[in-house]
Structure formats: structure tokens, C-alpha cells
Amino acid sequence: MNTFLHTTAGKRHLRLDPRTKFALILCTSFTLVWGMSLIGVMAVVRPALAFVPAILLLFTPRLRVGIVYGILEILCFTAEITVFQSTTGFWNLILLPVCAIITRYMPCVVAAYYMMATTTVSEFIAGMERMNVTQKIVIPLSVMFRFFPTIVREHRCINDAMRMRNITASNPVSMLEYRIVPLIAAVAKIGDELSAAALTRGFGGDVKRSNVCEIGFGVQDIIILLISFGGAFTSILAKVGLI
Amino acid sequence: MIRIENLSFYYKRGRSDAGVNNINLKINMGEVVLLCGESGCGKTTLTRLINGLVPHYYDGDIDGTVFTHGKNVQKSTLYELSRIVGSVFQNPRSQFYTVDTYSELAFGCENQGLPVDEIKKRVDETIYFMEIEHLMGRSIFDLSGGEKQKLACASVWAASPKVLVLDEPSANLDEKAIEDLRAVLEKCKSAGITIIIAEHRLYYLKGLVNRVLFMENGQITKEFDAKSFFEMKDSQRISFGLRTLTPPTLSFSESANESHSAVLSNFKFKYKHSEIGISVKKVCIYKGAITAITGHNGAGKTTLLRCLCGLEKTAEGELWLEDEVHKRKKRLKNCFLVMQDVGHQLFCESVLDEVMISMPNADKEKALALLKALDLEKFASDHPLSLSGGQKQRVAIACAVASERQVILFDEPTSGLDLRHMEAVSKVIERLAQSGKTVLVTTHDKEFIKACCHYVLHMKNGEVTANRILKEVEKV
Chain Z
1 MNTFLHTTAG KRHLRLDPRT KFALILCTSF TLVWGMSLIG VMAVVRPALA FVPAILLLFT
61 PRLRVGIVYG ILEILCFTAE ITVFQSTTGF WNLILLPVCA IITRYMPCVV AAYYMMATTT
121 VSEFIAGMER MNVTQKIVIP LSVMFRFFPT IVREHRCIND AMRMRNITAS NPVSMLEYRI
181 VPLIAAVAKI GDELSAAALT RGFGGDVKRS NVCEIGFGVQ DIIILLISFG GAFTSILAKV
241 GLI
Chain F
1 MIRIENLSFY YKRGRSDAGV NNINLKINMG EVVLLCGESG CGKTTLTRLI NGLVPHYYDG
61 DIDGTVFTHG KNVQKSTLYE LSRIVGSVFQ NPRSQFYTVD TYSELAFGCE NQGLPVDEIK
121 KRVDETIYFM EIEHLMGRSI FDLSGGEKQK LACASVWAAS PKVLVLDEPS ANLDEKAIED
181 LRAVLEKCKS AGITIIIAEH RLYYLKGLVN RVLFMENGQI TKEFDAKSFF EMKDSQRISF
241 GLRTLTPPTL SFSESANESH SAVLSNFKFK YKHSEIGISV KKVCIYKGAI TAITGHNGAG
301 KTTLLRCLCG LEKTAEGELW LEDEVHKRKK RLKNCFLVMQ DVGHQLFCES VLDEVMISMP
361 NADKEKALAL LKALDLEKFA SDHPLSLSGG QKQRVAIACA VASERQVILF DEPTSGLDLR
421 HMEAVSKVIE RLAQSGKTVL VTTHDKEFIK ACCHYVLHMK NGEVTANRIL KEVEKV
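Protein chains in written order, with the UniProt record's numbering: chain Z, 1 to 243; chain F, 1 to 476.
For the record, the hints were derived by calculation from the structure and aren't laboratory data.
Values in this document were obtained by computation on a predicted structure and should not be read as measured data.
One thing to keep in mind: the hints can contain errors.
Stated by the list, open to error - Sample of chain Z residues with no beta-carbon within 12 Å of chain F, all distances over it, derived:
#1 19
#2 22
#3 47
#4 106
#5 157
#6 166
#7 181
#8 190
As the list claims (entries may be wrong) - List of simulated lysine to any residue pairs, SDA-like, C-alpha gap at most 25 Å:
#9 F:330 with Z:190
#10 F:12 with Z:168
#11 F:270 with Z:172
#12 F:189 with Z:144
#13 F:120 with Z:168
#14 F:366 with Z:168
#15 F:162 with Z:189
#16 Z:189 with F:434
#17 Z:189 with F:389
#18 F:333 with Z:172
#19 F:120 with Z:189
#20 F:330 with F:349
#21 F:313 with Z:156
Just so you know, even glycine gets a beta-carbon here, dropped at the ideal spot from N, CA and C.
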């Protein structure tokens, strides 16, 4: 069946600690969204951070996403360096936002996608617990984490039903309503049942949970962490004008 | 031991589940008790009283006391109760918290805060005891319905409960999976666990349960020992509204030489990144008849329906209706699929709008007449999602009829239904066929097949392996 966002635990080749993935998402977002244009040291830092998720995805069964994303980044970074200066008017108006979205925002989304696709719920909980995050935050976040695949699947079912019934609405508002209302109803019901099931199994008690999931930093984690924090740090230095 | 004294419970408004009143019950250690009765009789509520979801998760007015293994349920927290009672629910897709099988088995023990080595030992013992080695290392999303229920039982078992509560565990399972479920329950029983099962499908529990409680309107009205219950006469069983007590069997007649009126030819489809798919060379079906599609979970039944109604874009295949070929786009316009979860296919603000939007030319009079025929006129101005499961299903059927499509497909229309509702569904489907529609139904429910289907297609590994006739189409 559909596999989008379903974690592929057990089929992975390169295993990263969930904390490394958090750090990667944070540093990528920070550096790429706030970082300066491609001059000086930033001409290395920004593309480097943007390519990390692409390379990581190559080690998962979702390597096609990685390849497509990598090619997009190459194209847009090249465009930013080369044709930006020489175009004016209309083409500049088109190129600028497209490249900005792809080189600055998309890497954050893909890094998050990488985390969703490769982290199991128990790894996620273990990672949060090691960082001493309180249960009040861990539980809702882990529910959310568990929920993304469900929402995607329910959305697909509703989409299919609309195609099958050939529903076309006169205005986009009612079209949105047709999609959102059944989705909310379905997701609320599943959420309700899921919480009930988790509670009958003792989730959320006042005892400190143990966790069988073994997480820890390896060489690969150290490399990714160095790139992430290094990139973020360099971009701060560049911003304040030290480099 | 479970002791319930003078117990009444009513849900706060906004819940359609029935409450219970005046329950007095004593269940001994190691007993296996079956709760049966029509939908809405309070079976589910009674199971929730034992595992503490009522009143700790579902609010309401409660009166009386429940003791589960010496613990007063109202005064204990859900967390304390979770160490005594394990629960398995009906819907396999919403009872797993993690996404891989090993973490799921460990989840209950982790919540108790046991040392990691102890948890690993218990999980390994559970895997051995429940014989689920083949499920390890897999994503829960890839398991079949039967495998999921087995895993649900095993993960509850790993936390070593004293009481096991199951709410319609077989609703979505095929015959083979039901046998597996029974085997798992037998293991739990032999280990001395007290088991309480609320169920519509009864035959598979013969020889397993010690006592049967029959519920009506929130009360326990009859109590049987297992022997006299399973020896009950059919007429009496039907008057109680219960499903069959013996495994249903189908007897086929020789294929008739009737001229077929619809042909599925060369349906081929494969899911991306997997070997699973269907390959159906040529199958003849009949207009005005009901054809059941049977086969194990994962045999490709639902996939065939999805390809038939044109939802799978990459599927090959043609449908011939009275010598007219239907390619995918045309099938999408001429087939209507009533989904297993009908909530997904109702969008409008009122039932009437829902039917009107399906019509090629909206006609209010006609829509109202249709609603009347399906016993839905009372609900014409209600929101479809506020209706019960059976009513929603009838709204979807009304839309199918209103759309004037020729082929109507049903995906598991009777899973989890009691006798009365199952018969109601089969009557509606029968009427569709009599009005000249071609009807295809995927189902595990042999009682339902017996009640209304004419032909039975059997699928295995994505191929149709048999096409047999069950009964003649009655000419009206």
C-alpha cells in the first residue's frame, strides 16, 4: 500500500540518532532561512547544508526523493550564482522567488521529511527523553508524530472518494469544505481510539518510563552534527561581519 | 475476580454509544466470558467498565461499583488498571502506538518502567509463546488485519495482565485469521487469564468460552453456560438477533450456461515498490446479480474493486458491459464504490444535498423519493457524518442509485454488523440487483453471502481462482 511517511524501520542502512536529526533540522532552518546571499564563505555553507538531507536520503529506500531534490538544489543554486545578475524584469521576478523557496525553505522541509521517514516513534520518544524534555511535551509530540501517516492516508481515501463520485464544486471554498470536514471527522475518531488504546496500556502514568530503544551517537552522527553546528555558527559570524 | 454491583452508567451527551443499567455480575479467575447481543446493547460499555476507560476516559454518570482484581475501578487510575487489564480493540489501525512490531511489544512494559533487560526477556518470551517470529522487524503498516490482531494480543500479553478484555476482535478478519485469533485466545486461557470478549461473530468461540451473557438495552437479560448456548436452536438464536453458532458453509451448484452480461478482461495492476498486485485475465459476471468476491486478507479483493472503478491510474484492463467497452475514465463515471469506511465518501452538509449532488440533473422530488425508499427521509436535513454507521452506508447507497451508475461495488459492507443489520444490508443490496444493477461485493462474511449473493469469485494471490454459482437469479 502507500508508503509515504511510513517509517521504514529495519530497512535502513545509515542510522542516525534522533537528536542528530533534531539538530540538523534546526541548523538547516536557521542557516538557510536567515543566512546571507551566496557571497564569500556562505557560498559554501548554504549549498553544503542544503545537500545534507539529499545525501542522507540516498541511504534510505526513498533515494528517488533524494535524487530529485538534489538535482533541484543544483539547478537553483547554479541559477542563483549565474543568471540572477544578468536577468532583469519579468524573468528576474519569476526566478527570484522560485530559487528562494527551493534553496532556502525546501531543505528544511526535506530534512523534516527525512526525520519523519526514518525515525520510529520509540526512537523519537527516547531522543526526547534523553534531552530531558518533560512528558507534557513528549506525549503530544509523539502523538503528532504517530499521526502524520494516518492523516496522509485518510486524505488519500477522501481524495479517491471525490474522484469516484465526480464531485465538482462551484467555488473553491466548498471544495475545501468537502475535503476538510470528513478528514477532521475521521482523524478525530482515530485520535480518540488511539488515545484510549494507549491509556489502557499505561501510557502517561507517573512512573518514569523505561525505553528499550537503543540510541546513541556514532561517527555518522558526529559528522552531521559538525556540519550542522559548523554551518550555523559560520552563518552567525558572517551575519555580524566577522568573516 | 471481577465483581460488578448495582452498576448503571450513562454517557454524557454527544456520544451515541449506549449506557448500561443495573448490572450485577461476578466473573471468577480464569473464566472466559462472552458478551453478545445486538449493536447498541451495551457490550462495549461493559468492557470499558472493566478496563477503566469508563469512567476515566469516557465521561458520564456512574452509579454502583466495579472491582477488577480487588481494585475499585472508579477509585483507581487508568495507569494502575493497565497493569491488571489488557485490552484489544476492534479497529486494528487505531490501536498501535508505535510503528514497528518490536517497540509495540515492549510499549506496555516500558510504560510500567521495568528495567530494560527485564523487558527484553519478556518480549522474547512473548514472541516465542505467541509464535510470532515472522512478524518481527516489520513495520506495523505492512501487516495484514489478522497479523495486527495477533500482535495486539501479544503486546498486551507481554505486559502480563490478569484480565484480558476484547471488543469485537474478529470484525475485520478473514477465516484463517479468525482461527489464528482463536489459537491465541486458547493460549491465554490455558495460562489462567480471565477473558471477557464482546463479539458478534460467535461460532469461532465454541469450546473456548465457559459462560455467555446476553445483553439487551443495557442490561444482562439472559445467562447461559457454554454448552446450552451453543446447542441453542436456530429459531431461538434468530429471535435473539444473534449470528450463526456453527461455522457457515456454502454449497455451490454447477455452473449454469446462462449468458453473461459483463466481462472483466485483462485487469493488471502492481503497487509501486512491491510485488503485490492483481492479474485477472477474464471473468464473467452478470447484470442484475450479486457477485461476492472472497479470499484471504491481502488476496487483492479491494485492489480489484479499486481498479474496476478506475481509481488506480496505472491499472490495465477493460470492463465490457453488454458489448460496450469501458476503459478507465468511463469506468470512473459508471461505477460506484461504497467504501468500507463510508465516512470518507460523504461530504455535504445534509443528506439531501449529498444525494442531489450525485444526480446528473439535480431533482429534489426524485431525491426525496429515493431517501424514502431507503428509510432515510427522517434524516434528510441531518449532517451525514452525524448518522450511525448503517445509516451512513445507506446514504452512500442512495448516492450510488442517484448517480444512475450501472455497476455498484461494495467493500466489506457487513464487517462488524449484528444479524439484524446484516440482513438489512443484504435486503438493500438485493433490491439494487433487482433494479438491474451489476453488483460486486468483497466480503469475508459467509452468512451474508448465503443471504443474498448469486455468484462467488474466489481470489488468491491477486488472481481469480474460481467463479462459482451459488443460486439462480430470481426473475422478478
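Outcome of the hint check:
no.: 1; hint: 19; verdict: 18 Å, holds
no.: 2; hint: 22; verdict: 18 Å, holds
no.: 3; hint: 47; verdict: 30 Å, holds
no.: 4; hint: 106; verdict: 23 Å, holds
no.: 5; hint: 157; verdict: 4 Å, violated
no.: 6; hint: 166; verdict: 6 Å, violated
no.: 7; hint: 181; verdict: 7 Å, violated
no.: 8; hint: 190; verdict: 5 Å, violated
no.: 9; hint: F:330 with Z:190; verdict: 34 Å, violated
no.: 10; hint: F:12 with Z:168; verdict: 38 Å, violated
no.: 11; hint: F:270 with Z:172; verdict: 34 Å, violated
no.: 12; hint: F:189 with Z:144; verdict: 36 Å, violated
no.: 13; hint: F:120 with Z:168; verdict: 54 Å, violated
no.: 14; hint: F:366 with Z:168; verdict: 21 Å, holds
no.: 15; hint: F:162 with Z:189; verdict: 29 Å, violated
no.: 16; hint: Z:189 with F:434; verdict: 36 Å, violated
no.: 17; hint: Z:189 with F:389; verdict: 13 Å, holds
no.: 18; hint: F:333 with Z:172; verdict: 22 Å, holds
no.: 19; hint: F:120 with Z:189; verdict: 33 Å, violated
no.: 20; hint: F:330 with F:349; verdict: 28 Å, violated
no.: 21; hint: F:313 with Z:156; verdict: 14 Å, holds
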